[in-house]
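Protein chains in written order, with numbering that gives the first Met the number 0: chain C, 0 to 277; chain Y, 0 to 154; chain D, 0 to 779.
These aren't lab readings, by the way, just hints derived from the structure by calculation. Just to be clear, a hint being listed does not mean it is correct.
[What the hints assert, rightly or not] Here are the computed lysine-lysine pairs in the BS3-like style, where the Cα-Cα straight-line distance is at most 27 Å:
1) Y:Lys6 to D:Lys24
2) D:Lys24 to C:Lys94
3) D:Lys651 to C:Lys94
Chain residues, written in single-letter form:
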Amino acid sequence: MINFDFEYCKPKTWAEAIKQYNNYRSQNKQVMYVAGATEFISRARMDEVNPEVIIDIKEIQECRVIHQQNSELIIGAAVTLTNVADSNVFPLLTKVVKQIATKTERNKITIGGNLMSNLPYKEGILPFLLADSKIVIATDKGLEKRSILQVFTDSINLRDGEFIVQIITDIEIIKQPFFTEKRTKQSSVNYPILTSAAIKVDGLTRVAFSGLCPYPFRLQQIENLVNDPSVKGEKRIQKIMKQLPAPIVEDMHATQKYRAFVFERIVSKIIEQMEAVS
Amino acid sequence: MLNQVVKLTINGIEKEVYVRNAETLIHTLRHELGLMGAKPACNNGDCGACTVLVDGLPLNSCHTLTVENENRSITTIEGLTDTTIQERFIKNWAIQCGYCTPGFVLNSYALIETEPDADDATIDEWLDSNICRCTGYQEIKQTVKEVIQMRGTNE
Amino acid sequence: MDTQNLTYVGKDIPRIDLKDKAYGKVRYTNDESKPGTLSAALHISTHAHARLKHVDVNEALKSPGVHAVITGEDFPYQVGPLLGDRPPIAYKKVRYYGEPIAVVVADQEHQAKYAAGLIKVEYEPLPVLQSPREAIKKEAPLIHENMKDYTVMVKGVHSVPNTNIANLTKIRKGDMKTGWKESDITVEEKFSFKPADHAALETRVSRAEILKDGHVYIYSATQGPFYVQKLLSECFNIEPGKISVETPLVGGAFGGKGCVQLEFIVYLASRAVGGRMVSLVNTREEDLISSPVHIGLEANVKLGATKNGKLKAASYEFYFNTGGYSDMGAGMSKAGAVDCTGPYKIDHVHCDSYCVYTNMPYATSFRGFGHPELTFVMERAMDLLAEKLAIDPIELRLMNAIKPGDTTPTQTHLNSSNIGDVSSCLRRIKELINWSEGQSTTTQDGKVRTKGITSFWKTSSTPPNATAGVILIFNIDGSVNLNSAAIEHGQGTKTVLAQILAEKLQMDMKKIHVTMEVNTKYDPHQWKTVASSTTYLAGRAVMAAAEDAIFQLKQIGAVALKCLPADVVVGNGKVYIKDSPEFYVNIKDVAVGYKFPNGNSIGGLIIGGGSHIVRHLTPLDPETGYGKPGPQWTVGAQAIEVEYDPQEYTYKIIKAATVLDAGKVINPNAAIGQMRGGMYLGLSWASRETFMFNEEGRVLNPQFRSYDILRASEVPEYLVDFIETPLVDGPYGARGIGEYGVIGMAGALSNSLSIASGSSLNQLPLTPEFIWESVEGRND
């Protein structure tokens, strides 16, 4: 039960959404975009957010598409994880999103919502980081295309009033061999202590991780080591551990030490499996 | 406006309800429409007890605002009558306290309709959305498998 | 074995409540509503231990729709089932994270919740105790400073003032010196687990209304409507007859709805608004932490045996973690002591079982009532002993299995009726789990498959005067209404009672109408629906009521048939002459009075009544524990097979098996369902369920997305079988079985994983991280 009230808008176009946002902001109101709205409901009922207006972007045509155009795969931000998986346009993405929440929840959670989640996991971003995808952002000045690697630091950095409309990925990359594994404390339905994703492009393995640090990451230094056969086994893993972007998380799901252990195991597995594919 | 009129098709019948924008679908079903089949249990999308079908797809009715569902067609347990899956849930004792049952039945029904050839992994994937604290799940899984098999042989 | 020649008992009769459940027609407590009902919402503590310096409700009172706000000041008295230690709403201090501090009553639920958020509480934090071992130390801060003033509600609760001990149960059997002297080998080990939860899907919910004439109407999802009546009456000084408690079907309980909590609060809330109907529904978060939980335990165990494996001595220290209040924790610590040895003959037993306060959510009964807990401890110790002795774990258990002629830790004499057949259960489980193929095997892909075993027992720990009644009312068609206060919370009790009645009356099940809802106004008294005691207590009451009805039917039938009552028999909807069944009168023609052809009538309504009470139970001697705690011991054996990955420290549960001595299985399908469900609950708890706390005692996972629960894809194949050693005074020989599936699971899982990992796993839950830590720690 959400115990506060808010206004609700469901614009049909991205331009209308931006207009509504600016209009309410000019009245000094707290405005939030939602798509699947699942995280919004969970947070609102715990009083962690209390916007005065929510703008639901799920009816915006551009946010609902999932198709290939020329050499690009375009996925709308409001496409549900179930539809992402069922379309299976990006096999690594399919597998990654199927590890999120439950099947019924994935009928509602959207890929854009997952990318913009307030939680530290945002597993859906891992394939896009690996694919150097671009995101289409609705802004005051129209739709803008930005590289995900540029806008993503510890989260996707958008300016006030902007929202993600689409994610665009090179179709050559989505066909490449991949690996992903989610590890939890125990039950498969829980937050990850580690979700890993890897893809091999032009003979080089790209890796990205979620759950290990306070935010998902893909780092060049780590990939260099992953692809450096001159450093052997254990040693390579130790070197990779030194390149992490932030301290390993310690929380109720796992201690720092255990997360490190799981990370080491998974990295070995990735190296082993990706070396085996040509 | 903090409230509005929302048009919904409930179990085949068009309804108009006046709701708070902040109201979740489960609340509207139970308190505005008197349909008590969807059970509140976590109100957080974690357990599946409040599952309903929205345009044929299972959703946790606690995790969707009523206003999000304008013009959608909603099936609750009250809208499922004499289905094979219900008959088999009864026959196989796939029910104990019954509180999770409407959610499980609707989810299983949607699974069989959407994936008539579902393999064990798919069944597991779907059923993992719902928590049952009484049965230990074996009877429920068996029931879904049985109905899928029966349909397979009938075709 | 089955010489009773039964028609309905022992048969797979379809459950009578499933159709309505499958079609969503069943109404649970929160599915009923009455126009004008107000909603209540809790403001709960954000501290685990603190003094309440100030509770500011002013903003809340001004909030839209609010009628009243109440706090602990409105009722500064302690309540509790065993020891009166808990104010229904925190008074002057809070003792656990999530404790109710204030209650808002408003027109709408969202208004009440919104206003509850406006309440400001000024806390003075106090040191937080999170471990019973820590809490029992002399220098530990006191959680209940005034324990000496608390009222003991039930004889046999021994609190220790100026400590954090809410109850201490002592068992002194035999002579420990002799016991240790006779032992060639000893094992000693420590065990622990933190509180977890029942997590019934239906959260707790209560409504209350107080009429002008003083009548109180309570609607509640409870396992004990009459218990609610009793405690409300004692607490608020209301005549019990003026309190009516109504409970429809309950959406899962597992012991967690045996506690009276929301009923107190909602009564106070109704009182604050002039008696209007007020409803209070727990959120999931509140249900997990504000309402009572599954008890935690820290334990030390020492076993002594001869080199041949004969158990000689056992010593136990149980520190049950009852959290901020004792509730049924004080009863579970006693139950744990009473059956501490498990189903083994041990002549020299020493047990100190403490119910210890900590600053965690408080404990109430959980399915198995102290036994899943003690069995985990004892059965791990048994496996350690088997390992040390190099004896097969099943052989060790068989060698020591308790039998008629032996005595229990409280020195109750066992006979061929009051104890089941432990050895037969062990021998059957051995076959079921295919023990002979080896306890440990390796798969081709480098995984390890291991089996773990437990045997267990439990007596009911009912109060010495636990009772149940049944009323049978006949309809004009000759069918009969069965009214009893047994709660249907999923276990199938109403079907089982109907079967017993069908058997006794030799009447078609279709002719028996069971009232599913319970109302203390119309239904005869029943203690509670807990402790696997309903088939026994209410079942015996059904039989007594049926005998009463049969007596009446025979009286009238004999007149109609112009013979003596001794000449007639009741069956198949008729009263007929024993040796000439063609001479009969239909029950429908005598049930509401028999009319002669000339219009004269005799008889009147047939109303059968009956009840049953447990016999010869005694409180325990405070120094030795000597006494009789329950009418009988149901026994069983369980096994688990896991597939363990030594590289990742992860595992899959492949098989879970139970063999239970059920005395007599009334309904095989129901019994199998109870065993599977019990195993599931036990495995979910043992493998993943626990509350996580931070240093301040805050519960970090009060939601299903972080409170891990075993899901459909993760359950094993269940194997179930029964042994039938009749309980002489049980209905058709039946013993209580409802709780038993859960009892041995933690022990069996930890035993199998200990073998698989090569590390003794003495904590729960058995997560991959814990196994990793144990193995790595050992290797270091």
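### Task
Check each numbered hint against the structure and report the violated ones by number, ascending.
2
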